[in-house]
Amino acid sequence: MLEVEKVVKTYEGNPLLRGVSFAVREDETVCLLGASGSGKSTLLLLIAGLETQDSGRILWNGDDLEAIPTHRRDFGLVFQDYALFPHLDVSENVAYGLRMKRWNEETAKQRVSEVLELVDMGGFEHRKVTDLSGGEQQRVALARALAPRPRLLMFDEPLGALDRALRESLVMQLRHILQETRLPAIYVTHDQGEASAIADRVLLLHGGEIVRDGPPAEVWMHPGSAWAAAFLGLGFILAGEVIDEAGQVSTQYGSLQIPSACGKRKGDTVQLLVRPGKTDDRVIIQGQVADVVFQQDRFRVTLEGGLFVYIDAAPRIGQEVAVTVRVECLE
Amino acid sequence: MLDDERAGTRPAPTADVRGGRRSGQAAWLSRVGLWALPLAFLAVFFFLPFGRILAYSFSPEAFRGESLQVAAQTLLFTVYQAFLSTVLTLLAGVPLAYLMARFRFRGKILLRALTLVPFMLPTVVVAAGFNALLGPRGLVNVLLERLLGLSNPPIVFVGTLGAILLAHVFYNTAIVIRIVGNALSSLDPKLEQAAQSLGANRARLWTTLYLPLLRPALLAASVLVFLFDFTSFGVILLLGGPAFATLEVQIYEQSLYYLNLPVAALLAIIQLACTLAFSIVYSKMIARNVVRTAPRSAESNLREPRTTGQKLFVGGMVALIIVLFILPMIALPVRSIARLDAERGQRGGFQSGLTTDYYSELFVNRRNSITYVPPFDAALNSLAYAGATVVLSLAMGIPAAWALSKPGRIERVLDPVLILPLGASAVTLGLGFIATFGRWLLYPWFVPLAHTLVALPFVIRALQPAMATIPVRLRQAAASLGASPFEAWQTVDWPILRRATLAAAVFAFTISLGEFGATALVSRPDYPTIPIAIYRFLSQPGALNYGQAMAMATLLMLIATAGILLIEKLRLPGAGEF
Numbered sequence: 001m002l003e004v005e006k007v008v009k010t011y012e013g014n015p016l017l018r019g020v021s022f023a024v025r026e027d028e029t030v031c032l033l034g035a036s037g038s039g040k041s042t043l044l045l046l047i048a049g050l051e052t053q054d055s056g057r058i059l060w061n062g063d064d065l066e067a068i069p070t071h072r073r074d075f076g077l078v079f080q081d082y083a084l085f086p087h088l089d090v091s092e093n094v095a096y097g098l099r100m101k102r103w104n105e106e107t108a109k110q111r112v113s114e115v116l117e118l119v120d121m122g123g124f125e126h127r128k129v130t131d132l133s134g135g136e137q138q139r140v141a142l143a144r145a146l147a148p149r150p151r152l153l154m155f156d157e158p159l160g161a162l163d164r165a166l167r168e169s170l171v172m173q174l175r176h177i178l179q180e181t182r183l184p185a186i187y188v189t190h191d192q193g194e195a196s197a198i199a200d201r202v203l204l205l206h207g208g209e210i211v212r213d214g215p216p217a218e219v220w221m222h223p224g225s226a227w228a229a230a231f232l233g234l235g236f237i238l239a240g241e242v243i244d245e246a247g248q249v250s251t252q253y254g255s256l257q258i259p260s261a262c263g264k265r266k267g268d269t270v271q272l273l274v275r276p277g278k279t280d281d282r283v284i285i286q287g288q289v290a291d292v293v294f295q296q297d298r299f300r301v302t303l304e305g306g307l308f309v310y311i312d313a314a315p316r317i318g319q320e321v322a323v324t325v326r327v328e329c330l331e
Numbered sequence: 001m002l003d004d005e006r007a008g009t010r011p012a013p014t015a016d017v018r019g020g021r022r023s024g025q026a027a028w029l030s031r032v033g034l035w036a037l038p039l040a041f042l043a044v045f046f047f048l049p050f051g052r053i054l055a056y057s058f059s060p061e062a063f064r065g066e067s068l069q070v071a072a073q074t075l076l077f078t079v080y081q082a083f084l085s086t087v088l089t090l091l092a093g094v095p096l097a098y099l100m101a102r103f104r105f106r107g108k109i110l111l112r113a114l115t116l117v118p119f120m121l122p123t124v125v126v127a128a129g130f131n132a133l134l135g136p137r138g139l140v141n142v143l144l145e146r147l148l149g150l151s152n153p154p155i156v157f158v159g160t161l162g163a164i165l166l167a168h169v170f171y172n173t174a175i176v177i178r179i180v181g182n183a184l185s186s187l188d189p190k191l192e193q194a195a196q197s198l199g200a201n202r203a204r205l206w207t208t209l210y211l212p213l214l215r216p217a218l219l220a221a222s223v224l225v226f227l228f229d230f231t232s233f234g235v236i237l238l239l240g241g242p243a244f245a246t247l248e249v250q251i252y253e254q255s256l257y258y259l260n261l262p263v264a265a266l267l268a269i270i271q272l273a274c275t276l277a278f279s280i281v282y283s284k285m286i287a288r289n290v291v292r293t294a295p296r297s298a299e300s301n302l303r304e305p306r307t308t309g310q311k312l313f314v315g316g317m318v319a320l321i322i323v324l325f326i327l328p329m330i331a332l333p334v335r336s337i338a339r340l341d342a343e344r345g346q347r348g349g350f351q352s353g354l355t356t357d358y359y360s361e362l363f364v365n366r367r368n369s370i371t372y373v374p375p376f377d378a379a380l381n382s383l384a385y386a387g388a389t390v391v392l393s394l395a396m397g398i399p400a401a402w403a404l405s406k407p408g409r410i411e412r413v414l415d416p417v418l419i420l421p422l423g424a425s426a427v428t429l430g431l432g433f434i435a436t437f438g439r440w441l442l443y444p445w446f447v448p449l450a451h452t453l454v455a456l457p458f459v460i461r462a463l464q465p466a467m468a469t470i471p472v473r474l475r476q477a478a479a480s481l482g483a484s485p486f487e488a489w490q491t492v493d494w495p496i497l498r499r500a501t502l503a504a505a506v507f508a509f510t511i512s513l514g515e516f517g518a519t520a521l522v523s524r525p526d527y528p529t530i531p532i533a534i535y536r537f538l539s540q541p542g543a544l545n546y547g548q549a550m551a552m553a554t555l556l557m558l559i560a561t562a563g564i565l566l567i568e569k570l571r572l573p574g575a576g577e578f
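Chains A and B are the protein sequences, given in the same order.
Residues 1 to 331 in the working numbering are what the first sequence lists, from first letter to last.
Residues 1 to 578 in the working numbering are what the second sequence lists, from first letter to last.
It is worth saying that the hints were derived from the structure and are not from the lab.
All of these numbers come straight from a predicted model, not from anything done at the bench.
Just to be clear, a hint being listed does not mean it is correct.
[To be verified] Each computed BS3-like pair below joins lysine-lysine, with the alpha-carbon atoms no more than 30 angstroms apart:
(1) A:Lys128 <-> A:Lys109
(2) B:Lys108 <-> B:Lys406
(3) B:Lys406 <-> B:Lys569
(4) B:Lys108 <-> B:Lys569
(5) A:Lys101 <-> B:Lys406
(6) A:Lys128 <-> A:Lys101
(7) A:Lys128 <-> B:Lys284
(8) A:Lys128 <-> B:Lys311
(9) B:Lys284 <-> B:Lys406
(10) B:Lys108 <-> B:Lys311
(11) A:Lys128 <-> B:Lys108
[To be verified] To give a feel for the contact side, a few chain A residues facing chain B, derived at Cβ under 7 angstroms:
(12) Ala48
(13) Leu50
(14) Thr70
(15) His71
(16) Leu77
(17) Phe79
(18) Ala83
(19) Phe85
(20) His87
(21) Tyr96
(22) Gly97
(23) Met100
(24) Lys101
[Stated by the list, open to error] Pairwise CB distance ranges, derived in the manner of DEER restraints:
(25) B:Asp188 <-> A:Ser225: 52 to 62 angstroms
(26) A:Arg127 <-> B:Asp377: 30 to 40 angstroms
(27) A:Glu168 <-> B:Thr208: 54 to 64 angstroms
(28) B:Asp188 <-> A:Glu114: 28 to 38 angstroms
(29) B:Val391 <-> A:Pro69: 52 to 62 angstroms
(30) A:Ser113 <-> B:Arg306: 45 to 55 angstroms
(31) B:Val391 <-> A:Asp27: 52 to 62 angstroms
(32) B:Thr208 <-> A:Glu114: 55 to 65 angstroms
(33) B:Leu37 <-> A:Lys109: 34 to 44 angstroms
(34) B:Thr208 <-> A:Lys109: 58 to 68 angstroms
Glycine residues also receive a C-beta, built at the ideal position from the N, C-alpha and C atoms.
So that you can see chain A by itself, here it is in the shape it has in the complex (with noise of 0.2 angstroms):
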């Protein structure tokens, strides 16, 4: 379905990306996940058609999209601070797409009721916009983009705004509504909790270039690269030294026994990621006790350097402690 082609876009003579290549396919929910500033936002604007690219392509079922004026391209968009027609109530800024697709108004009325049905604001229809809260305002906005039956859905940070509690709310809804609706969609977030929780697969961006491409349990998983975990928040990373091909690698806590030293020869370095929750593994790391949280069921326990493990018993701080950790191999 949409194809992006090694899209290179500069701002201001900063390289912002620098070849991104992906491709959505059909009734799948696509994640484009990386760091404010990353390019995402622009990466949807691009699709959009609102932003014109430096080089490469953007498709649809192989065809060029680069001469089809944005209102040609019947993708929906819904963004951050939902964008709603101030001057319009909310069964008017529903109804705007199918005004300006010429729909009759006995069906487009029943639609304008059908999706706001669907994103729970049935009887909403006289209220104005501006009376709306923030949650309520981003419902509308997805039903407005729902409206006009787009070939693809985009979000743009859509629960950028609002509150914990309401966006893992509306992160369920929006998650049901898309797969009720079965459009292709990409949503772009620098929020992990929302990625993990909507994706079927997620990109993550980073550089100008797409780092990671996989299904959020693969890539949680295995996250590769070291600003991967980092940015996922897997895990305390280590930096270390291979000492010799048995699997000694030096590091800030002392020697570690690493199966087979991640691949690497004497004297390479190596980055390991620290996974805080798996007390299970064989490797034995020993420092003192800097800090302890309490977080739901369990302590947050950070020794001295930073690294950070999940535990149910809490030391004292500035106990010498020794914790059983499960570390893996990063790129």
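We have chain A already, so just place chain B on it with the hints.
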């Protein structure tokens, strides 16, 4: 103070959140297209005349000793009266701004609207209003004469510096109330609470919190007030009398009475240089102090006056508003229906009472002379000119404001180009027309052209903020929903801009109707406008002439006030002013 910063929830501006500006030549061409009409208009009707003035001002006659002496004296007096007026305006305006920004009291909305009316009121109306109150035939003098049995008016007001200063305060206090008041009401009340919790009393609040934070607003207001006082024309001519001449009045007299265009041109160049400098300072200031959209509800800063001190303050300020702003505006209509003069030949017999004579007289052609034009015809001229001004200034203003609201490189260069006509006074514009178009001025349509030049900056300022408040996102959303660029404009931009456009139209209409400076120089004697007719009546002797001036000024005041209140109602909340 930008919206984004206050919202707080949005991530820092990054390359992610840029507008959808299409790159390349098409965009550049459309920009040039937007500018073509307004620039062509300004080139012919502003920059060409400006060039002629410049040429005249470098002629040898302009640099003779006596010319330079006139120029120096006039400049000195202009600065002197503008400085005094500005100080007095600040003294009246800052407490009133505080009153409006901080207190809730009965009748406030009405009072606030009334303080805003004078700023836009035609000068002839203001002059006639003060004349009706304090002039030799004014209400106060006639009453005192009668009570005390005097034969001469006891209060000499018209023809004094005091009259000029008072009228300037009346005019420009609204600016201080607006700018300083807005800044005050958008101050976070938590700052005040924090300062108080740290031990600041009322006085220390002013010295440590308000004044430092309001300094940009105070400076901006002062510069703007000074600019308006500096270029004041009608007030000086009508209330100051022959003893006082500012640059404006001197330009007018030199070009119309002494027919000395070189000296007039020299004065115009001096004036333009000064006002341009002030304008640049002013736009630099507001650029630093800009509030683009409605600030967080100013309601939270309002409170009822509770302590005795607060009640006294509110009472005193309301009294000030009534005396300063409302009395002259009431005196005018009252005087226009009051017969107070001793009729000639009836010794000692006062014939007093209410009369509609002055109004019915407006429709009669008294003197069967060729040069006399009945007031009714002047009104028709004014309406025709105002209609043409609306059409012209919208045709120029809409594309210019549109381009300015999405500034690119061209706009950064062109913004000062638009400021220049704003800096040029109406009289200078008139002089430029005389110097350039000479005999062509026999065609009456030069008057609406001059009015368009006067109104254009106001029209642009009325439109531009509304255009700038429409986020790029809305247009992007419309496009993603299938709206072509034209459909997006039609269904999103235009409905939002309709109000602002109507406000701009009313602005242009009201300005044209009351315009005096340029009209005084450009209009033909047999095609006078309402303000010109009022000026003629005021400068002729006799109770009937005086009464007719009052009657016409009252009508003009009512129309202008209606226009001003309409603009107020149409204004987007928080959208830019001045």
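Verification of the supplied hints:
Proposed proximity of Lys128 of chain A and Lys109 of chain A is supported: the alpha carbons are some 17 angstroms apart, at most 30 angstroms. A hinted pair counts as satisfied when its Cα atoms are at most 30 angstroms apart, and Lys108 of chain B with Lys406 of chain B does not qualify at roughly 37 angstroms. Restraint check for Lys406 of chain B and Lys569 of chain B: the C-alpha separation of about 26 angstroms stays at or below 30 angstroms, so the hint holds. The straight-line distance between the Cα atoms of Lys108 of chain B and Lys569 of chain B is roughly 16 angstroms, inside the 30 angstroms bound, and the hint therefore holds.
Between Lys101 of chain A and Lys406 of chain B the CA atoms are separated by roughly 29 angstroms; this keeps the pair inside 30 angstroms, and the hint holds. At roughly 23 angstroms between alpha-carbon atoms, Lys128 of chain A and Lys101 of chain A fall within 30 angstroms of each other, so this suggested pair holds. As the CA atoms of Lys128 of chain A and Lys284 of chain B are separated by approximately 38 angstroms, the hinted pair breaks the 30 angstroms bound. Between the alpha carbons of Lys128 of chain A and Lys311 of chain B the distance comes to roughly 39 angstroms, so the proposed pair goes past 30 angstroms and is violated.
The straight-line distance between the Cα atoms of Lys284 of chain B and Lys406 of chain B is roughly 18 angstroms, inside the 30 angstroms bound, and the hint therefore holds. Our distance criterion of 30 angstroms between C-alpha atoms is met by Lys108 of chain B and Lys311 of chain B, whose separation comes to about 14 angstroms. Distance check on the hinted pair: Lys128 of chain A and Lys108 of chain B sit about 29 angstroms apart at the alpha-carbon level, within 30 angstroms; holds. Annotation: interface hint on Ala48 of chain A holds; nearest CB of chain B at approximately 6 angstroms, less than 7 angstroms.
Checking Leu50 of chain A against chain B by beta carbon gives a least distance of about 4 angstroms; that is within 7 angstroms, so the hint holds. Interface hint status for Thr70 of chain A: upheld, as the beta-carbon distance to the closest one in chain B is roughly 4 angstroms, under 7 angstroms. A cut of 7 angstroms between beta carbons decides the hint on His71 of chain A: the least distance to chain B is about 5 angstroms, and the hint holds. For Leu77 of chain A, the suggested interface contact is upheld, since its CB lies about 4 angstroms from the closest CB of chain B, less than 7 angstroms.
This hint holds: Phe79 of chain A has a C-beta 5 angstroms from the nearest C-beta of chain B, less than the 7 angstroms allowed. Taking 7 angstroms as the C-beta contact cut-off toward chain B, the hint placing Ala83 of chain A at the interface holds, the least distance being around 4 angstroms. Proximity of Phe85 of chain A to chain B holds as hinted, the smallest CB-CB distance being about 6 angstroms (cut-off 7 angstroms). Annotation: interface hint on His87 of chain A holds; nearest CB of chain B at approximately 5 angstroms, less than 7 angstroms.
At about 5 angstroms, the closest approach between the beta carbon of Tyr96 of chain A and any beta carbon in chain B falls short of 7 angstroms, and the interface hint on this residue holds. Restraint check, Gly97 of chain A versus chain B: the minimum CB separation of about 3 angstroms is within 7 angstroms; hint holds. This hint holds: Met100 of chain A has a C-beta 4 angstroms from the nearest C-beta of chain B, less than the 7 angstroms allowed. Checking Lys101 of chain A against chain B by beta carbon gives a least distance of about 5 angstroms; that is within 7 angstroms, so the hint holds.
Look at Asp188 of chain B against Ser225 of chain A: about 44 angstroms separates their beta carbons, and that is not inside 52 to 62 angstroms. One distance hint, 30 to 40 angstroms for the beta-carbon pair Arg127 of chain A and Asp377 of chain B, is violated here, with the actual separation near 54 angstroms. For the pair Glu168 of chain A and Thr208 of chain B, the beta carbons lie near 45 angstroms from each other, so the given range of 54 to 64 angstroms is not met. For the pair Asp188 of chain B and Glu114 of chain A, the beta carbons lie near 44 angstroms from each other, so the given range of 28 to 38 angstroms is not met.
A C-beta distance of roughly 33 angstroms is found between Val391 of chain B and Pro69 of chain A, which places it outside the suggested range of 52 to 62 angstroms. Judged by the Cβ atoms, the range 45 to 55 angstroms given for Ser113 of chain A and Arg306 of chain B holds: they are separated by roughly 51 angstroms. The hinted window of 52 to 62 angstroms between Val391 of chain B and Asp27 of chain A holds, with their beta carbons roughly 56 angstroms apart. Our hint of 55 to 65 angstroms for Thr208 of chain B and Glu114 of chain A holds, since their Cβ atoms are close to 60 angstroms apart.
For the pair Leu37 of chain B and Lys109 of chain A, the supplied restraint of 34 to 44 angstroms holds, since their beta-carbon distance comes to about 42 angstroms. For Thr208 of chain B and Lys109 of chain A, the hinted distance range of 58 to 68 angstroms is satisfied, since their beta carbons lie about 60 angstroms from each other.
Against the hints set out earlier in the document, violations occur for numbers 2, 7, 8, 25, 26, 27, 28 and 29.
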